[in-house]
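Could you put the whole structure together from the sequences, leaning on the hints where they help?
So the protein lines, in turn, are chains A and B. Just so we're aligned: the first sequence equals residues 1 to 566 in full-length UniProt numbering. Just so we're aligned: the second sequence equals residues 1 to 342 in full-length UniProt numbering.
One should not assume that every hint holds.
To give a feel for the contact side, a few chain A residues facing chain B, derived at Cβ under 8 Å [claimed, not checked]: (1) A52; (2) P54; (3) T55; (4) A139; (5) V140; (6) V242; (7) V270; (8) V282; (9) Q288; (10) V373; (11) E446; (12) I452.
Honestly, the hints are just simulated from the structure, not real lab data. Nothing here was measured: the structure is a model prediction, and the numbers come from that model. Glycine included, each C-beta is placed from N, C-alpha and C at the ideal position.
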Amino acid sequence: MALWRNVCMPILGASLLSASIGVGTSQAAPSQLLILTEDVPAGLDIDGPSIAIPTTQEGMVQLLEPLIDYTPKGMNADGVVVPDFSRPRGRLLESWSYDPATLTWTLHLRHDVKSCAGNTFTADDVLYTWARAKSVSGAVPNAWFLLNMSSVANFSTAVFDKNPAVSGPARKLGDEITKVDDYTIKVKQAQPNPLFLVNMAVVISQGIYDKTDMLKHATPSDPWSHDYANNVTAPSFGPYCVSKWVKNDEMVFTANPNYYRGKAAINRVVMKRVPQAANRLVILRSGQAQVIQGMTAHQYDSLKSAKGVTVGGVYGNEGMFIVMNFKTKPFDNIKLRQAIADAIPYSRIIDVGYAGEAKQWKSVIPTTYPDYVASDDYNYDPDKAKQLLAEAGYPGGKGLEQYADAFKLTYVAEKEATLGPVVNAIRTALVPLGIPVTLNPMPETEYGDHQIVKKDLAFAINDQEKPIGVDAGYAMQLFFVSKEAGGLNNMENYANPEIDALWAKAKLETDVTKRNAELAQMQQILMRDVAWLPVVTFKTQWAYSDKLKGVAWVPDNSMRFYDLHY
Amino acid sequence: MIYRYILRRLGISVLQLLGLVIAVFFLIRMLPADPVARLVGMNASPAAYAQAAHSLGLDQPILIQFLRYFGLGHPAHGLLEGYLGVSWVTNTPVLTEMGQMLPVTFQLLGLSFLVTLLIAVPVGIISARRPGGIVDKAVFAYGLFGGSQPEFWWGLLFVFVFFFKLGVAPAPLGLVDPMLDSPPTITGFILIDSLITGEFDVFVDVLYHLMLPVLTLVFILSGPIMKMVRQNMIRALQSDFILYGQAAGLSQGMITRYAFRAALAPSMTLVGILFGVMLGGAVLVESVFSLGGIGQYAVRSVLAFDYPAIQGVVLVITGLSLIIYLVLDILYAAIDPRVTHS
Chain A
1 MALWRNVCMP
11 ILGASLLSAS
21 IGVGTSQAAP
31 SQLLILTEDV
41 PAGLDIDGPS
51 IAIPTTQEGM
61 VQLLEPLIDY
71 TPKGMNADGV
81 VVPDFSRPRG
91 RLLESWSYDP
101 ATLTWTLHLR
111 HDVKSCAGNT
121 FTADDVLYTW
131 ARAKSVSGAV
141 PNAWFLLNMS
151 SVANFSTAVF
161 DKNPAVSGPA
171 RKLGDEITKV
181 DDYTIKVKQA
191 QPNPLFLVNM
201 AVVISQGIYD
211 KTDMLKHATP
221 SDPWSHDYAN
231 NVTAPSFGPY
241 CVSKWVKNDE
251 MVFTANPNYY
261 RGKAAINRVV
271 MKRVPQAANR
281 LVILRSGQAQ
291 VIQGMTAHQY
301 DSLKSAKGVT
311 VGGVYGNEGM
321 FIVMNFKTKP
331 FDNIKLRQAI
341 ADAIPYSRII
351 DVGYAGEAKQ
361 WKSVIPTTYP
371 DYVASDDYNY
381 DPDKAKQLLA
391 EAGYPGGKGL
401 EQYADAFKLT
411 YVAEKEATLG
421 PVVNAIRTAL
431 VPLGIPVTLN
441 PMPETEYGDH
451 QIVKKDLAFA
461 INDQEKPIGV
471 DAGYAMQLFF
481 VSKEAGGLNN
491 MENYANPEID
501 ALWAKAKLET
511 DVTKRNAELA
521 QMQQILMRDV
531 AWLPVVTFKT
541 QWAYSDKLKG
551 VAWVPDNSMR
561 FYDLHY
Chain B
1 MIYRYILRRL
11 GISVLQLLGL
21 VIAVFFLIRM
31 LPADPVARLV
41 GMNASPAAYA
51 QAAHSLGLDQ
61 PILIQFLRYF
71 GLGHPAHGLL
81 EGYLGVSWVT
91 NTPVLTEMGQ
101 MLPVTFQLLG
111 LSFLVTLLIA
121 VPVGIISARR
131 PGGIVDKAVF
141 AYGLFGGSQP
151 EFWWGLLFVF
161 VFFFKLGVAP
171 APLGLVDPML
181 DSPPTITGFI
191 LIDSLITGEF
201 DVFVDVLYHL
211 MLPVLTLVFI
221 LSGPIMKMVR
231 QNMIRALQSD
241 FILYGQAAGL
251 SQGMITRYAF
261 RAALAPSMTL
271 VGILFGVMLG
281 GAVLVESVFS
291 LGGIGQYAVR
301 SVLAFDYPAI
311 QGVVLVITGL
321 SLIIYLVLDI
331 LYAAIDPRVT
341 HS
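This is how it looks when you write it as structure tokens:
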């Protein structure tokens with residue numbers, strides 16, 4: 001009884017008391033915001049081991065300030081602000097110029113910019129950031145990668161040479177990037193490449209560090225402060241600073257009082273991990289959280305009629321496509337690929353997988369990017385699919401049974417809620433044609449290994465690849481140029497000398513009209529060969545309090561807290 | 001005698017842990033995926049891949065990797081020094097991460113087992129006192145029902161009913177309201193830290209936030225414990241020494257106390273085993289209530305192929321389970337001296 005009196009009663013009493021007085025109801029004050037996510041940032045280092053995780057990127061973009069971004073174009077029908085990719089604007093840059101004769105960019109930096117720590121931004125911060133990139137001292141050479149893709153001189157693969165006599169000097173910043181004065185920098189390119197400016201807008205790779213703060217936390221064993229950036233903060237000149245970070249649980253951002261564009265309207269943002277999507281949904285509906293993300297299209301759809309909740313989205317750069325591996329028979333047969341493209345029930349997939357918030361995708365680059373060229377080659381047409389199947393040498397699917405293993409349609413098991421109905425719709429459409437499709441869910445990390453490293457996924461659904469550098473050429477180099485010609489993530493093992501040659505020309509082309517024509521021709525060839533089978537482009541969505549305004553989309557798909565206000 | 005018994009058990013535990021370390025290290029490397037892929041993402045040039053593999057130490061032969069992990073290679077910083085490595089996802093020492101997660105799970109389980117025992121033991125005793133009575137029948141039905149329920153489903157149901165519909169429970173937002181400032185970390189146990197620092201509002205808020213997760217676990221755990229107490233009590237009440245006590249005219253209360261002492265040892269074993277199992281097995285309740293506990297950490301580590309974290313979790317949970325079983329055995333021996341004699 002004593003135990004009951006001394007222990008249980010106070011606990012029960014406290015619980016009832018707090019329920020009655022409303023302790024712990026997370027009603028955010030007007031200057032605060034609670035955002036519920038499926039995870040919180042695992043690290044904040046540009047070259048850190050968690051850079052590929054979306055929530056890590058979402059944390060980084062609140063802290064890191066880029067050199068440029070894109071001018072807002074206006075709101076779409078959902079009330080989400082979208083960028084105008086034809087109008088890059090300076091952020092840490094005030095202006096820039098390019099001299100084609102010497103392949104040199106001159107960057108003029110902004111004055112009177114201060115970091116969270118109060119340090120003043122100068123050319124030294126940019127040089128430090130790029131020297132760090134070239135040191136390839138982190139877990140992954142992410143920052144180096146985009147500078148290499150931008151053809152910045154001496155950012156070559158020599159940094160990885162096994163011979164220290166080669167890699168050592170190659171990892172040091174030379175005269176390719178020089179400081180003219182505290183607010184002027186010159187950058188030399190090895191060859192003309194318009195990707196330089198495009199890539200400078202990619203914050204998660206090219207955000208600028210606060211050199212003074214980074215050096216303060218450097219150690220002899222970690223001279224580039226990777227531990228600090230991975231575990232404490234990414235010190236920069238951005239709109240927010242980290243005030244609390246419990247990994248796997250929550251991250252708290254406080255507005256940078258020194259921010260040069262003005263202090264953020266929302267002073268404190270709490271990013272809280274709520275792993276269950278159903279809980280994120282009910283907490284938003286209760287009014288205790290202001291933003292949720294990482295829901296399925298059907299969950300967003302269910303919130304559209306909820307009181308006090310807005311669902312906003314944008315057709316940005318997310319799409320779902322089918323991988324058919326050219327190295328796996330019978331997918332080396334173009335006619336068979338075309339037959340499958342004509343057998344996909346696009347409208348049904350849009351309904352069952354995306355609650356209507358998707359469109360048929362008609363190219364291999366995002367629909368909103370400049371130089372996107374739509375192809376009308378493929379539509380749901382089972383009769384045409386049967387005819388193409390016969391032309392491919394498999395009338396009525398006869399002969400395909402020997403490739404049953406190749407037709408295991410692989411997808412990420414963790415995305416069952418969205419992709420489950422999609423793969424079932426595909427299977428239901430293909431089996432009657434004689435194509436022996438079976439389903440093969442696979443854990444995400446295992447899927448990534450097969451896609452990125454082994455490149456042996458024979459037949460798979462993918463909805464997670466999006467080129468965040470806004471350029472059709474960049475996207476096609478990533479996914480379709482052969483490995484020998486500089487391709488990186490050619491998961492389908494597509495090798496076409498015509499594409500390689502066109503990219504080699506387009507990459508160096510300074511005449512915009514000619515480059516656009518080359519990029520359009522590449523897209524037509526890729527669609528003809530069904531290098532990927534683009535299925536749908538779907539909306540990137542968020543659900544948020546209807547009192548919240550200013551939601552904007554950027555190509556990395558991470559919401560910017562700075563844009564938000566009540 | 002008891003000291004020799006404890007020493008022998010400790011020796012066996014060390015051997016068990018050693019075997020486990022070796023098995024886990026080599027078994028997880030047989031998983032069908034390469035963790036490097038997750039790091040490099042789209043930037044998967046051979047050079048980038050090699051760089052990432054090198055940063056994880058995966059470019060070394062597996063025996064060298066094992067020696068390094070164990071603390072016998074270069075750098076000599078490993079398991080022998082209590083160093084569990086750095087997580088490949090967060091780049092934070094595994095021990096630091098588990099130091100944050102374990103207190104969350106301990107607080108959840110501690111309160112849940114406390115409440116469960118306070119309910120299940122008296123109900124089990126009452127049920128045994130009148131076999132076939134209303135209470136006994138109810139315990140039988142509930143024991144069957146409660147033991148067969150999926151805890152995550154009840155958790156979600158409780159959230160829906162008590163938070164969303166009735167509004168009497170807090171949102172499933174972890175241990176404490178995220179808009180509240182938590183007390184500074186002293187012990188890692190927020191209930192204790194809030195009391196030490198005098199932040200009673202936080203203390204109350206933590207109890208409030210633990211209300212539904214504790215209720216969920218109590219609902220699930222009470223069934224088997226009630227049944228165990230009931231059965232052991234019935235057996236004890238039928239034994240000769242109780243018959244002798246009754247014949248000697250002892251009061252009903254004293255009879256119950258003697259019988260309960262005899263019934264305690266096997267019931268305690270069940271509680272200990274359940275506690276050990278729930279250390280990692282509370283993962284679904286942790287997930288439903290957004291509690292960043294050790295079960296959540298284990299699942300995240302496995303899904304990300306985060307080898308150091310997986311090894312650390314397995315080792316620490318096993319170590320804790322061995323300690324729990326050891327304590328149980330010692331208590332058992334203290335209650336029943338025949339154990340040590342045998």
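Violated constraints from the hint list, given by number and in increasing order: Hints 2, 3, 6 and 10 contradicted; others consistent.
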